[in-house]
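Q: Chains A and B, in that order, are what the protein sequence lines are.
Start counting at 1 in the first sequence, then tack on 1, and there's your number in the working numbering.
Start counting at 1 in the second sequence, then tack on 41, and there's your number in the working numbering.
Misleading hints may appear alongside valid ones.
To be verified - Computed, partial: chain B to chain A, Cβ under 7 Å: (1) VAL58; (2) PHE116; (3) PHE117; (4) THR118.
Simulated from the structure, these hints should not be mistaken for laboratory data.
Heads up, the beta-carbon is just placed ideally off N, CA and C, and yes, glycines get one too.
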Amino acid sequence: MDAGPQSASPTRRLILLAAAGFGLTSLAAPADATSAAMEEAIRALVGEAAINHGKVKLELPPIVENGNTVPLTVSVESPMTEADHVASIHVFNEKNPQPYVAAFYLEPRAGKAAVSARIRLADSQRVMAIARLGDGSFWSDSADVIVTLAACAEG
Amino acid sequence: MARVLINLPARAKRGEVIEIKTLIAHPMETGYRVGPTGTAIPRDIINRFVCTYNGAEVFRAELFPAIAANPFIAFFTVATESGELAFSWTDDHGETQTEVRQITVE
């Protein structure tokens, strides 16, 4: 921001800047922490293999009003041939009672590596999609979702 | 028998990638909710979905309580030959509901 010294209201500008900065940090904070349960579930899937970033695209609305039904789409860049295809797509979340959301198993004849579903989110959190390719490599993408009305986990 | 909606093209060209959308009426009770008497409502979800194309499995999903009620699943497959697509949902009681749809490939 290039707030000149002759600017009309520097204090107002500073306040806005501070507010924006605070908003950003409070959003970024949970993104760094991956909950232990989610980490454990992911490790159970991939073992010691490295998880690469890219290829996978996880689409979720950034803000949802109702956590009881959240549209989710995972697509993976892949030619879907016998030699190079997506074998499975796994979806994990951070703060629901269980870290696993779903696992989808594809065949090369799927033609296009993309699946959609509707999920529940118990809180604002990070969702992660991991794709396992035919050659055994793992690729991932994640998305942060803000939930204003959580899925009724408590009743 | 639960109500099912399945959306797929009735006709397709050979080799065409078609999208299949499925939805089944089911409460997907998570097992984490408490009923009016204070006891937990037992878990009752559809945990498995399979799609076969003329007998060969083309898509399978394992579902967990984090899937919303009335589970909706959409996926793709290549239209290889005329025939039938069978869709099966299996719940926690081991009961399976299967629906069959025809497709004409030209």
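Q: Determine for every hint whether it applies to the structure shown.
A: Hint check results:
1. VAL58: Interface hint status for VAL58(B): holds (4 Å vs cutoff 7 Å).
2. PHE116: holds, 5 Å
3. PHE117: holds, 4 Å
4. THR118: Status holds, d = 6 Å.
Of the numbered hints listed earlier, not one is contradicted by the structure.
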